[in-house]
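S.K.: Sequence:
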Amino acid sequence: MTVDLYIKKHRVIQDYLKEISGYIQNGTLDNAAAISDALNKMSGVLKMHLASEDESLYPTLLASKDAHVRIVTKSYMEEMGDLAKSYTEFATAFNTPSKIASNPSGFETKFEKIKYALHFRINREEKELYKLEP
1 MTVDLYIKKH RVIQDYLKEI SGYIQNGTLD NAAAISDALN KMSGVLKMHL ASEDESLYPT
61 LLASKDAHVR IVTKSYMEEM GDLAKSYTEF ATAFNTPSKI ASNPSGFETK FEKIKYALHF
121 RINREEKELY KLEP
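Here the sequence shown stands for residues 1 to 134, where the numbers follow the numbering used here.
Do not take every clue at face value.
Said to hold, decoys possible - DSBU-like, lysine-lysine: derived pairs with alpha carbons at most 35 angstroms apart:
#, residue 1, residue 2
1, Lys18, Lys74
2, Lys65, Lys47
3, Lys85, Lys127
Claimed, not checked - Pair by pair, the computed Cβ-Cβ distance ranges are:
#, residue 1, residue 2, range
4, Leu29, Ala63, 12 to 22 angstroms
5, Pro97, Pro59, 30 to 40 angstroms
6, Asp4, Ala67, 22 to 32 angstroms
7, Ala117, His68, 38 to 48 angstroms
8, Gln25, Ser64, 40 to 50 angstroms
9, Gly44, Met77, 41 to 51 angstroms
10, Thr2, Thr92, 24 to 34 angstroms
11, Asn95, His68, 14 to 24 angstroms
12, Lys74, Pro97, 32 to 42 angstroms
13, Arg70, Glu108, 32 to 42 angstroms
14, Asp30, Arg70, 44 to 54 angstroms
Since the hints were derived computationally from the structure, they do not count as laboratory data. Cβ coordinates follow ideal geometry from the N, Cα and C atoms, glycine included.
With the hints as constraints, model all of the structure from the sequences given.
M.R.: If you want it as structure tokens, here you go:
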């Protein structure tokens with residue numbers, strides 16, 4: 001197993017977060033369509049990334065003979081479930097231009113929380129979880 005693909009997907013997700021942040025800086029209402037497009041594309045990448053981790057990374061790490069690796073992996077899996085739920089709720093609430101335009105300040109506030117959570121998670125995965133790779 002190699003983590004290169006996971007890291008590449010992280011960069012794509014981070015690029016979408018940066019793109020959306022730029023649209024917000026230039027006016028959420030004026031850029032609602034572009035934000036929605038980027039958000040939906042990011043959601044697709046994130047969904048594929050999570051499925052790949054669930055199908056390949058986590059099972060490999062859970063099969064480790066090292067108890068520490070198994071414990072850390074289980075912890076990451078539980079945390080990701082909470083983050084995935086929060087992200088899904090956010091993306092569903094703001095997946096169209098009209099939803100964003102109807103509550104731009106709510107979108108901005110929730111986006112900042114999601115952006116922080118994703119950056120934090122990506123950083124932790126790359127510094128800790130992916131280092132457990134056999």
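S.K.: Hint by hint, note whether the structure agrees.
M.R.: Okay, the hints, checked on the actual structure:
For the proposed pair Lys18 and Lys74, the alpha carbon gap of about 30 angstroms is at most 35 angstroms, so the pair holds. Proximity of Lys65 to Lys47 is assessed by CA-CA distance (about 29 angstroms); at most 35 angstroms being required, the pair is judged to hold. Simply put, Lys85 and Lys127 have alpha-carbon atoms about 23 angstroms apart, close enough for the 35 angstroms limit, and the pair holds. At about 50 angstroms, the CB distance of Leu29 to Ala63 disagrees with the hint of 12 to 22 angstroms.
At about 39 angstroms, the CB distance of Pro97 to Pro59 agrees with the hint of 30 to 40 angstroms. About 27 angstroms separates the C-beta atoms of Asp4 and Ala67, a value consistent with the hinted range of 22 to 32 angstroms. Separated by about 25 angstroms at the C-beta atoms, Ala117 and His68 break the suggested range of 38 to 48 angstroms. Separated by about 44 angstroms at the C-beta atoms, Gln25 and Ser64 satisfy the suggested range of 40 to 50 angstroms.
Taken as a hint, the range 41 to 51 angstroms is violated for the pair Gly44 and Met77, whose Cβ atoms sit roughly 22 angstroms apart. As the Cβ distance of Thr2 to Thr92 is approximately 32 angstroms, the hint placing it in 24 to 34 angstroms holds. Checked against the given bound of 14 to 24 angstroms, the beta carbons of Asn95 and His68, roughly 39 angstroms apart, lie outside it. Distance hint check for Lys74 and Pro97: the Cβ-Cβ separation is about 39 angstroms, which falls inside the suggested range of 32 to 42 angstroms.
Look at Arg70 against Glu108: about 39 angstroms separates their beta carbons, and that is inside 32 to 42 angstroms. In this structure, Asp30 and Arg70 meet the distance hint of 44 to 54 angstroms, their C-beta atoms being roughly 49 angstroms apart.
Checked against the numbered hints given earlier, this structure breaks hints 4, 7, 9, 11; the rest are met.
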